[in-house]
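Those protein sequences? They're chains A and B, same order as listed. In terms of this note's numbering, the numbers along the first sequence are unbroken and rise by one, the last being 225. In terms of this note's numbering, the numbers along the second sequence are unbroken and rise by one, the last being 225.
Worth flagging that the hints you see were computed from the coordinates, not collected in a lab. Treat the numbers as computed from the prediction; the structure is a model and nothing was measured. Just so it is clear, CB atoms sit at the ideal spot from N, CA and C, and this is done for glycine as well. Check each hint, because a few of them may be wrong.
On the chain A side, residues computed to face chain B include the following (Cβ under 7 Å) [stated by the list, open to error]:
| no. | residue |
| --- | --- |
| 1 | Gly-12 |
| 2 | Leu-13 |
| 3 | Asp-15 |
| 4 | Ala-83 |
| 5 | Val-86 |
| 6 | Leu-110 |
| 7 | Asn-150 |
| 8 | Gly-151 |
| 9 | Arg-152 |
| 10 | Leu-153 |
| 11 | Arg-214 |
Mimicking DMTMM-like on lysine to aspartate or glutamate, the simulated pairs with C-alpha atoms at most 25 Å apart in a straight line are [said to hold, decoys possible]:
| no. | chain 1 | residue 1 | chain 2 | residue 2 |
| --- | --- | --- | --- | --- |
| 12 | A | Lys-208 | B | Asp-198 |
| 13 | A | Lys-158 | B | Asp-177 |
| 14 | B | Lys-158 | A | Asp-82 |
| 15 | B | Lys-158 | A | Glu-81 |
| 16 | B | Lys-158 | A | Glu-207 |
| 17 | B | Lys-158 | B | Glu-211 |
| 18 | B | Lys-158 | A | Glu-62 |
| 19 | B | Lys-158 | A | Asp-15 |
| 20 | B | Lys-158 | B | Glu-108 |
| 21 | A | Lys-158 | B | Glu-81 |
| 22 | A | Lys-158 | B | Asp-185 |
| 23 | A | Lys-158 | A | Glu-119 |
| 24 | A | Lys-208 | A | Glu-62 |
| 25 | B | Lys-158 | B | Glu-126 |
| 26 | A | Lys-158 | B | Asp-198 |
| 27 | A | Lys-158 | A | Asp-142 |
| 28 | A | Lys-158 | B | Glu-207 |
| 29 | B | Lys-208 | B | Glu-189 |
| 30 | B | Lys-208 | B | Asp-173 |
| 31 | B | Lys-208 | A | Glu-207 |
| 32 | A | Lys-158 | A | Asp-173 |
| 33 | A | Lys-158 | A | Glu-189 |
| 34 | A | Lys-208 | B | Glu-207 |
| 35 | B | Lys-158 | B | Asp-19 |
| 36 | B | Lys-158 | B | Glu-186 |
| 37 | B | Lys-158 | A | Glu-189 |
| 38 | A | Lys-158 | B | Glu-60 |
| 39 | B | Lys-158 | A | Glu-119 |
| 40 | B | Lys-208 | A | Glu-119 |
There are 2 protein chains.
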Amino acid sequence: MSSALPKAARRGLADEAADLVRAAIFSGHFPPGAPLREVELAERLGVSRGSVREGLAQLEHEGLVRGGWHRGTTVIRVTAEDAQEVYALRAALDRLAATTARRAATAEQLSALDRLVAEMTAEIAEGGDAPRLVALDIAFHDQIYAAAGNGRLTSAWKAIRSQVHLFQLRRVDVAYDHYRARVVDEHRELAALLRSGDIRTLARRAEKHVESARRSLLAGLPTAP
Amino acid sequence: MSSALPKAARRGLADEAADLVRAAIFSGHFPPGAPLREVELAERLGVSRGSVREGLAQLEHEGLVRGGWHRGTTVIRVTAEDAQEVYALRAALDRLAATTARRAATAEQLSALDRLVAEMTAEIAEGGDAPRLVALDIAFHDQIYAAAGNGRLTSAWKAIRSQVHLFQLRRVDVAYDHYRARVVDEHRELAALLRSGDIRTLARRAEKHVESARRSLLAGLPTAP
DNA sequence: CGATGTCTTAATGTCAACATTAGGACAAGA
DNA sequence: TCTTGTCCTAATGTTGACATTAAGACATCG
Numbered sequence: 001m002s003s004a005l006p007k008a009a010r011r012g013l014a015d016e017a018a019d020l021v022r023a024a025i026f027s028g029h030f031p032p033g034a035p036l037r038e039v040e041l042a043e044r045l046g047v048s049r050g051s052v053r054e055g056l057a058q059l060e061h062e063g064l065v066r067g068g069w070h071r072g073t074t075v076i077r078v079t080a081e082d083a084q085e086v087y088a089l090r091a092a093l094d095r096l097a098a099t100t101a102r103r104a105a106t107a108e109q110l111s112a113l114d115r116l117v118a119e120m121t122a123e124i125a126e127g128g129d130a131p132r133l134v135a136l137d138i139a140f141h142d143q144i145y146a147a148a149g150n151g152r153l154t155s156a157w158k159a160i161r162s163q164v165h166l167f168q169l170r171r172v173d174v175a176y177d178h179y180r181a182r183v184v185d186e187h188r189e190l191a192a193l194l195r196s197g198d199i200r201t202l203a204r205r206a207e208k209h210v211e212s213a214r215r216s217l218l219a220g221l222p223t224a225p
Numbered sequence: 001m002s003s004a005l006p007k008a009a010r011r012g013l014a015d016e017a018a019d020l021v022r023a024a025i026f027s028g029h030f031p032p033g034a035p036l037r038e039v040e041l042a043e044r045l046g047v048s049r050g051s052v053r054e055g056l057a058q059l060e061h062e063g064l065v066r067g068g069w070h071r072g073t074t075v076i077r078v079t080a081e082d083a084q085e086v087y088a089l090r091a092a093l094d095r096l097a098a099t100t101a102r103r104a105a106t107a108e109q110l111s112a113l114d115r116l117v118a119e120m121t122a123e124i125a126e127g128g129d130a131p132r133l134v135a136l137d138i139a140f141h142d143q144i145y146a147a148a149g150n151g152r153l154t155s156a157w158k159a160i161r162s163q164v165h166l167f168q169l170r171r172v173d174v175a176y177d178h179y180r181a182r183v184v185d186e187h188r189e190l191a192a193l194l195r196s197g198d199i200r201t202l203a204r205r206a207e208k209h210v211e212s213a214r215r216s217l218l219a220g221l222p223t224a225p
């Protein structure tokens with residue numbers, strides 16, 4: 001009921017609320033299709049409805065929730081069609097991000113990519129916690145977008161990032177072995193190409209990487225929710 | 001394009017406010033860098049600050065205005081760097097939209113493109129009102145995105161659409177003759193390729209079309225005021 | 001004279017009450 | 001039984017007041 005917020009940080013309660021709700025969705029507390037009621041969230045987070053409302057609007061722009069006029073807000077469902085749309089767009093964005101980063105990336109940013117690959121490798125060796133691997137996967141691509149240095153491109157990525165995150169979590173649910181077997185090698189190759197690869201090859205690889213994720217997920221959910 | 005369907009008549013005041021402010025920016029009432037004060041807008045539009053606030057958040061997601069924590073909201077400025085970012089992203093999106101639409105577009109949607117080209121031609125013949133030409137230009141690309149039928153892709157386009165609109169308005173300010181001389185031919189060629197063109201050629205042409213716009217604008221504002 | 005601390009002010013951030021609406025329960029009529 | 005119209009309720013949409021903050025004015029101190 002009244003599990004109050006530890007502290008309202010300096011960047012607005014709306015952002016805080018958005019982060020908390022997003023985390024709750026990823027953790028499975030709010031499964032796909034679940035309604036997100038403003039009053040309930042406001043009480044649970046210890047903030048007003050206005051802030052919750054603004055936070056939910058953010059999540060809606062991220063595509064993680066859907067809402068209509070006077071029809072409430074609900075968590076999106078993972079349908080095959082949704083996956084097609086998201087991954088098609090992601091392929092185009094990743095391609096641009098990779099080719100831009102190929103020219104603009106600093107040595108430090110390239111090292112950060114290597115570090116993330118190392119973390120993935122370590123995680124696999126220690127058993128391989130699926131949500132943690134997915135988080136590293138997303139962080140890897142975050143880093144590429146950061147290296148590209150195009151604010152608008154990063155915004156476009158943010159607009160589908162949460163959906164990709166959700167889809168990848170679903171993917172490891174339905175095809176963990178396939179994911180676990182490929183995740184390190186694919187990202188290592190991308191990191192290498194970003195450091196010293198041919199632009200054409202890099203562009204193609206970036207698209208293929210997304211294509212691989214798309215197929216892996218779709219193979220697991222053609223029927224039934 | 002105004003949605004001729006009366007079905008979507010029920011919108012919130014926030015959407016209304018966003019539309020009005022957006023139009024005011026395009027009309028030049030709020031020049032680049034101008035502050036958008038919530039109380040002032042609320043009084044002028046006859047709605048409460050909450051609705052204005054929500055509307056401004058929309059415009060911020062469209063990249064048309066910028067705002068920080070307790071630092072107010074201002075209209076974006078058209079710098080060369082901004083133009084580079086927006087047009088680089090737009091090239092990637094347009095490429096995907098065109099290639100997707102090449103397969104998915106219906107006959108009716110292709111006809112709509114031809115109709116828009118015809119309107120452009122007529123507009124040029126009648127003297128060529130710059131804002132009207134730009135509006136037709138944007139509408140043409142809206143139609144391509146609609147034909148592609150990818151909701152997420154359309155959202156990404158919407159996120160930069162207003163900025164592109166603003167940049168194009170600036171472009172016709174600095175290089176109207178160049179724009180006027182090319183606009184019809186370039187769009188006619190795109191329409192033809194979408195109807196019966198090679199995918200590769202289409203992809204390249206879509207990118208070139210954006211590149212042409214980028215150069216035309218940048219040539220006019222080498223050193224930003 | 002320049003640097004610094006405080007202080008004022010005008011804006012945004014937040015909130016809780018009020019108004020409106022969608023969707024379903026329920027009963028009357030054909 | 002099916003249809004239809006009414007009412008109810010639980011949610012969202014909207015609002016104005018209150019709290020908080022950033023930025024500049026101003027005076028003080030080194």
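Open item on the list: When the structure is checked against the list of hints, which entries are broken? Sort them ascending.
Closed with: Hints 2, 3, 4, 6, 11, 13, 22, 25, 26, 37, 39, 40 contradicted; others consistent.
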